[in-house]
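The two chains are supplied separately, each in an independent frame; assemble them into the complex guided by the hints.
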Amino acid sequence: MRTGAAAQHKGYYHEAIRYDSDEDLLAVVLPFLLGGVEAGEPTFVALGERTGGLVRSALPTGCGVRYLPGGAVYARPAGAIRSYRQLLAEQVAAGAHQIRIVGELSPPMFGATWDWWARYESAINHAYDDFPLWSMCAYDTRLTPEAVLTDVARTHPRFATPDGGHIPSATWTPPETYLRENRPIVPDPIQAGPPTLELVDPTASEARAAVYRADRGRLPADDVDDLVVAVSETVTNALRHGRPPVRLRLWTGEDRVVVSVRDGGPGPTDPYAGLLPAANGSTGGLGLWITHQSCSHVALHREPDGFTLRLIAGNPD
Amino acid sequence: MTGDDRLPGHVCWAYDDQRSFAVEAERFLLAGLAAGERVRYVTSGPADRVTDHLAGQPVFAAAVARGAAEVVSLASTYHPGGTVEPATQIATYAAATDAALAAGHTGLRVVADATDLVRTPAQREQFARYEHRIDRWMRTRPFRAMCAYNRLELGGPAVAELACLHPAGNIEDPLFRLFAAAPGAGDVELTGELDTANRQLFRTALDRADLRPVDGELVVRATALRFLDHHAMTTLNEYAHRRGATAVLRTSRPGTARLVSLLDLRTLRVEVTR
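From first to last, the protein sequence lines stand for chains A and F. Each residue of the first sequence is one higher than the one before, counting from 1 in the UniProt record's numbering. Each residue of the second sequence is one higher than the one before, counting from 1 in the UniProt record's numbering.
Careful, some of the hints might be misleading.
Claimed, not checked - Covered stretches of chain A, going by a simulated chain F footprint (3 or more residues, C-beta under 8 Å):
{"hint": "1", "region": "201–215"}
{"hint": "2", "region": "229–238"}
{"hint": "3", "region": "287–301"}
As the list claims (entries may be wrong) - So these bits of chain F aren't anywhere near chain A, every CB distance computed over 10 Å:
{"hint": "4", "residue": "R49"}
{"hint": "5", "residue": "A63"}
{"hint": "6", "residue": "S76"}
{"hint": "7", "residue": "R269"}
As the list claims (entries may be wrong) - In silico negatives: residues of chain F with every beta carbon more than 10 Å from chain A:
{"hint": "8", "residue": "D17"}
{"hint": "9", "residue": "D52"}
{"hint": "10", "residue": "L54"}
{"hint": "11", "residue": "Q57"}
{"hint": "12", "residue": "R136"}
Worth flagging that the hints you see were computed from the coordinates, not collected in a lab. Idealized CB from N, CA, C, for every residue including glycine.
Next up, chain F with everything else stripped away, as it sits in the complex (with noise of 0.2 Å):
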């Protein structure tokens, strides 16, 4: 699935075996070359071992002798054991993508498994408020990732906080997501379903997420989300009042408005655009 370029250019992969990952990483690379992309293969361990598989493989051979390919390791590229630093982070890969357009490639996609970058909590936090500042920065640039987590060794809990906040992967475990809307489609978009069972975990993405109002409103589109709970939408309420804000949703559901007009929510207009 994520060698189809009409997908969103930010993909979350959950992973539970080295192998099966290594298969999606291959092939969500292979897609970026195809593209006219240079890619580059972050991996967690040291680079020779996935540089050798890959030297075994004539098209990236190829890009690696020409420049269009590249392996290295996390401990090159981020700080495993500290935390992610947003705004340093973005203007490095800000800084890769302009090189590889300068160098006459169509953008850059990169592999990364973040797997030691979010082991603590506070790790973990950081790292999601990195990963919605890369989202909406990635929906202006010709920059594609791929962030891939060890489900094993981090637990399911710990990777749907960062699965939630990609527009697309591999599980379906948050049963939501929350990502960047497309430029002039609104602040911030929602799919899937929201409800008691991750209200808790909707609550932190949103926070993570930290969305600034424009103009006194947080523009949701959720014409594509297929259900939100009475809590999803005073979660949503009291956010945007605590931002000072009115959130907008945006969606395709008449009985939306009408349950949030029954709960008297002041800070929370429902806009229904079928």
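Chain A with its partners taken away, still in its complex shape (with noise of 0.2 Å):
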């Protein structure tokens, strides 16, 4: 009932694009649209202005390819992965055998956040699985880092190329064990400095006062009522789930709130924890997801002692 390429697959066919023109970009993606359309497929655009704008010039007027609005969608990758589960199950419900989106993360994406992205990548491997999608991340390697596309090559189990091929990916890393993979925190300049305030086995109730007190009118206030429930999610996760001493450390900048949680227990065992509302009732799932879709950035590290959460709240780059 499926065609093209994922004709006998199961769940995602999840492929990565890597072009460095757009002809390239367009001999991959035309074909595979047209072939959706034509299938009678859901068939999905969720591509940046520009080259959005070249394929729906590329493509026949009216074909029946439908474009997604990118902006909102690739906010956070909780979110994003919440949108698309919903538009997927939606399409599913309605009767496709398939659904065909190819769609690209912007190139500020590629800087202090990648690696949550990163993990968007590797998680929706899983998270998509559900479904019987046949999806294409698109990377312009003129504007993608040599250490992001290390990551794309990981975290795709294949490459669509301009000639029609599918190739697997030699460095493919399933996502139970790219998620598990233990990365340092790249600590956020503000973070040199001393920290604004630190708190040692707060009640959450005092993390969240800690919150308001130090941010002194410099973020918007709905972002400081998000990072609040941030903070106030993670400081309750380590008290519950965590081992003592919580220690919470707040840096102030210019145009953001970084904060820090440790405490001196493993961390969460799901690997997809945060990415994913919960799995099998994982302890602090839910708190942890919330976290993801309420910060501009989130950061996890396992130390042999311990485990940190860094969080930021307005500009993460």
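This is the structure we're talking about:
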């Protein structure tokens, strides 16, 4: 019932496109999209303004390809997963046998926040596997740093090529492995200075009050409220599921607030923690997922004697 | 603080020593006399000792003489050791309030040391239900009350069960308060903070408040609620669902609406009122 390269595949058929010219991008994307439309499969484009315009102008008018607004969907990884899972569930409920999507992450995501988008690219291999989805994630190698391309190769099982090929990625790493790898948190520059405040074993209420005190009106009120939600959930998780001491540090910058919460426990065992609401009642799963929905960046790091979650509100770059 | 007439008329006073409570009780009652109310002091032990003490104070002595103040023992007003029947007790206070008005007073104000009425869990359960019922009733009548509880004898958690059902009081222990909203402002009001630390207490308070939906909705005024976490949202959602209603949470924080939409809570709706 499925068509094209994914015809015999069950679940999510996840590919990356590495291109260095518009011609190469179109050579992969146009047959992919038109093939979907021809087979009666819901077919979507979620590209940025330039590449989206390029594809749109290359397709026949009114060909049936649908365009998704990229910006809001890709605000945060956990939100993107939630939105796409809703979209996919709707399509399957409406009778779709396969859904095709071509999307891209925008170059600003390749900077300080790349690590959580890399986690996104890995996690969706699992998160979208409930659906007959064939998607391609486009990366312009002229704009994408080498380190990002390395992660792209590890998080995508295969590459779609301009000659119609679907080549397995030599460094493909299953998400359960990739997401359990322990990457150091790249310190935000303002973390080089002394923290604005430091609390040891605070109650969630004390932590919330400290965030409100420390903001001093620099961030929009809604951003501060969201950070308070995230800090409250993080401290609650550390107190309930981690081990003492729970140490909260907060730095205030011109355009952002950085909070790190460290406890002496091992951290969450679920590799998808934070990106998906909760797996089989895993402890603290919903709180960590809410935290990922409430900050402009979340990073996590395990050490032999503790677990750290770092949250950023405001500008994360 | 309790002498301030702008405060809600239903105050919880948790005390560790009789002397500090007596000072607050007298201040509360003096404010009532100053406002033209009839006042009643319900003592936990025999009334005589408090009567004698107040007799030494000219304002009280004069008020007692003209029928504006009285001191009665708990045993003569409630049934210590038993449980309080909410409707009966409210009817008693309604009649006493009417009598005060008929006698030319502006209302009735009561201080009651209710410690002896809430010593067992069963007593507390029933009395907490009564606390919310009378809280609702006194929103519409010229009746004010200070409910005092001995924290040393009852313990902090037991007092918190009762304190959280008062719109005002001297302890922040429960972190939140649930009380009848002002007429026209919804069914119930929440203030303070709701998180995992008071999650069970919040559930218990909701059950005891026994809120009745109106036209399929339970309107919760939460503009002065500083924080509620996803557990509290889920609790409200489930509570409304069990009662065949939708909880309408009125908040000033847009983030709350966003969080509720993330959680797919079908019987909780957020109205942002800035």
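Hint by hint, here is what the structure shows:
| no. | hint | result |
| --- | --- | --- |
| 1 | 201–215 | holds (count 4) |
| 2 | 229–238 | holds (count 4) |
| 3 | 287–301 | holds (count 4) |
| 4 | R49 | 40 Å, holds |
| 5 | A63 | 42 Å, holds |
| 6 | S76 | 42 Å, holds |
| 7 | R269 | 19 Å, holds |
| 8 | D17 | 27 Å, holds |
| 9 | D52 | 44 Å, holds |
| 10 | L54 | 40 Å, holds |
| 11 | Q57 | 41 Å, holds |
| 12 | R136 | 28 Å, holds |
Checked against the numbered hints above, the structure breaks none of them.
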